[in-house]
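Residue strings, one per chain:
There are 2 protein chains.
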Amino acid sequence: MIEPKRKQRKILLLVNLFSAVNDNARIIDGRSAAEEIKSSIAIEVSRMKESIGNVPGLAVILVGRGQDSLAYVRNKIMACHEVGFKFSIAELPENCTEEEVCDALSNYNKDASIHGILVQLPLPQHFDAGKILNVLSLEKDVDGFHTLNIGNLAIQGREPLFIPCTAKGCIELLLRSDVEIVGKRAVVIGRSNIVGLPTFLLLQRHHATVSIVHAYSENPEIIAREADILVAAAGVPNLVRGSWLKPGAVVLDVGINPIEDPESEHGYRLIGDVCFKEAVRIASAVTPVPGGVGPMTVAMLLLNTLEAAKRALHFP
Amino acid sequence: MIEPKRKQRKILLLVNLFSAVNDNARIIDGRSAAEEIKSSIAIEVSRMKESIGNVPGLAVILVGRGQDSLAYVRNKIMACHEVGFKFSIAELPENCTEEEVCDALSNYNKDASIHGILVQLPLPQHFDAGKILNVLSLEKDVDGFHTLNIGNLAIQGREPLFIPCTAKGCIELLLRSDVEIVGKRAVVIGRSNIVGLPTFLLLQRHHATVSIVHAYSENPEIIAREADILVAAAGVPNLVRGSWLKPGAVVLDVGINPIEDPESEHGYRLIGDVCFKEAVRIASAVTPVPGGVGPMTVAMLLLNTLEAAKRALHFP
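From first to last, the protein sequence lines stand for chains A and B.
Just so you know, we're using the working numbering here: the first sequence kicks off at 96 and counts up by one.
Just so you know, we're using the working numbering here: the second sequence kicks off at 96 and counts up by one.
Okay, chain A solo, but in the shape it has when bound:
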């Protein structure tokens, strides 16, 4: 037997619940944002070529032939081609020595036609990635993983030469989507050196109140639910369910996880760290996988390389 007052309250609760469930979160289209950025880079490259005869050059060092790494490198080659960059690759066998990798790096450091260098990660287990990354000339560290670049990203009042591409891509998507960042709660799930850490540092530079959730965190879903802006970068397919989201949150899904799918062409397809079909019902905006953060990462790499070339060539 429900008293009238209680009945009214129950109805109100139901209304609130329904207003929280909105089936049409905005889909943040990273692919078209990346296309726009690449178009303006291509224009800059033409201008550079016409006025000083140079184009930006990107070099990749690839150790071994991991399937993921090969796919990522292919994307980068295509993107360089699209915008008119020079591209160079040093392919080394899985069993090469640290010295051989450092030699390849040193050659690119000296090569005036190369303005950006990146070492395709992950490196095989037996390598000291930190040592290798620090051989890389700071002025060509377009991935932004050099210790000095990370230090300068962390320290208030400093400017790193380069901001790591995925973090930069995430913020660029937020800014392009007119998402307010200042003072808002942001939660980054995952604390990798490549994505989680730099994304934390960059969100804080934009004055968000940021928390990092990781494998040791107790009650990750409760913390995630406090986020106005949620960045999922744990590498765990469908980790973030609808119940992890604050209604109206903006969700950036960095995960790119292959799962078996006999119906798709290659026997697998890519899904994110966020359960997309649940997220679109709760979030106000969400990035898809593929077609969200991924293409932006490549666009930011091109942007960093363009900046590096402009700095090296004193081209305004």
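It is possible that part of the hints are untrue.
In this list, chains with the same sequence are indistinguishable; a pair is considered to hold if it fits within one copy or across any two.
Said to hold, decoys possible - Restricting the straight-line Cα-Cα distance to at most 25 angstroms, the calculated cross-link-like pairs of lysine to any residue (SDA-like) are:
| hint | residue 1 | residue 2 |
| --- | --- | --- |
| 1 | K226 | H301 |
| 2 | K226 | E254 |
| 3 | K133 | S338 |
| 4 | K405 | A128 |
| 5 | K372 | N352 |
| 6 | K372 | N170 |
| 7 | K372 | H301 |
| 8 | K341 | D323 |
| 9 | K341 | R320 |
| 10 | K144 | N190 |
| 11 | K133 | P332 |
| 12 | K144 | Y167 |
| 13 | K226 | E267 |
| 14 | K226 | V331 |
| 15 | K205 | D163 |
| 16 | K372 | G278 |
| 17 | K341 | H309 |
| 18 | K205 | R376 |
| 19 | K133 | R169 |
| 20 | K226 | E195 |
| 21 | K341 | A310 |
| 22 | K405 | I351 |
| 23 | K181 | A166 |
| 24 | K144 | A310 |
| 25 | K181 | N204 |
These aren't lab readings, by the way, just hints derived from the structure by calculation.
With chain A fixed as given, assemble chain B onto it according to the hints.
For chain B alone, kept in the frame of chain A given last:
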């Protein structure tokens, strides 16, 4: 008219409220912890002197004569004296040039009897602190503020040569008080390069789930109330009230704020960022001001200098 059931509920609520209010939070005694650490450092210094004839040496560069800076430097001189370190100071006038500061630094960099160097901060406004700190030899950066040290503190899998003293002192107090850190929620209030940032990074290294609250944060008290471990480092007297605390939280108060007090000897006394008399009723443990984090900061500086000397002298 309260129905019996509701009455019962009300009583239960009151009981919960009272169990949350406990008037005897443990007072974390930073002074005695620091004394213990200094005693063991003094033993190490004697051992070093007897076996190789050297003692650790600390040098401070002091620009201008700010009252706070003078007081801090006096503390450091006294502490060095206590444990048997050599101490050297370069005093430069407020209106000196950046070059003069860098020259003083370079001299200490070359001086084999000096193993740790610190530049007393803050520097006068017209200085580029970052540029100056990076002149400092990485092996003598006992404050841990060099960009490479901060970068290596931020990046997982790396080991910085030195951890900034206040952050290190905070964690040391937690460990000595048997506070569980792994997986717990930690909130750092304040994001200074000197305290907030390194404390965040160090808590994360110990696998806490960390958030940073700062001047732009919306609803700081709500975020603070989520913390199992709260570090207050905003430099705002009595900012953190009892209502900002989760019952049973552990509270580290880094603030050292002078406030007028005609009844005390010098016309002022020092208070923290945390309203102590409210905190002791809600927290399970809390550091006092003075006598909490402050003495630990100095002890950690001595510890870093001892480590630097051992490394330089290859003394095990």
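Here's how the hints hold up against the structure:
no., hint, in the structure
1, K226 x H301, "between (30 angstroms within a copy, 24 angstroms between copies)"
2, K226 x E254, "both (23 angstroms within a copy, 12 angstroms between copies)"
3, K133 x S338, "neither (36 angstroms within a copy, 51 angstroms between copies)"
4, K405 x A128, "within (23 angstroms within a copy, 54 angstroms between copies)"
5, K372 x N352, "within (16 angstroms within a copy, 51 angstroms between copies)"
6, K372 x N170, "neither (27 angstroms within a copy, 60 angstroms between copies)"
7, K372 x H301, "neither (29 angstroms within a copy, 35 angstroms between copies)"
8, K341 x D323, "both (7 angstroms within a copy, 22 angstroms between copies)"
9, K341 x R320, "both (5 angstroms within a copy, 19 angstroms between copies)"
10, K144 x N190, "neither (39 angstroms within a copy, 48 angstroms between copies)"
11, K133 x P332, "neither (29 angstroms within a copy, 50 angstroms between copies)"
12, K144 x Y167, "neither (27 angstroms within a copy, 57 angstroms between copies)"
13, K226 x E267, "neither (30 angstroms within a copy, 29 angstroms between copies)"
14, K226 x V331, "neither (28 angstroms within a copy, 41 angstroms between copies)"
15, K205 x D163, "neither (29 angstroms within a copy, 48 angstroms between copies)"
16, K372 x G278, "neither (29 angstroms within a copy, 29 angstroms between copies)"
17, K341 x H309, "both (19 angstroms within a copy, 22 angstroms between copies)"
18, K205 x R376, "neither (52 angstroms within a copy, 64 angstroms between copies)"
19, K133 x R169, "within (16 angstroms within a copy, 58 angstroms between copies)"
20, K226 x E195, "within (13 angstroms within a copy, 34 angstroms between copies)"
21, K341 x A310, "both (21 angstroms within a copy, 23 angstroms between copies)"
22, K405 x I351, "neither (32 angstroms within a copy, 47 angstroms between copies)"
23, K181 x A166, "within (19 angstroms within a copy, 58 angstroms between copies)"
24, K144 x A310, "neither (48 angstroms within a copy, 46 angstroms between copies)"
25, K181 x N204, "within (15 angstroms within a copy, 43 angstroms between copies)"
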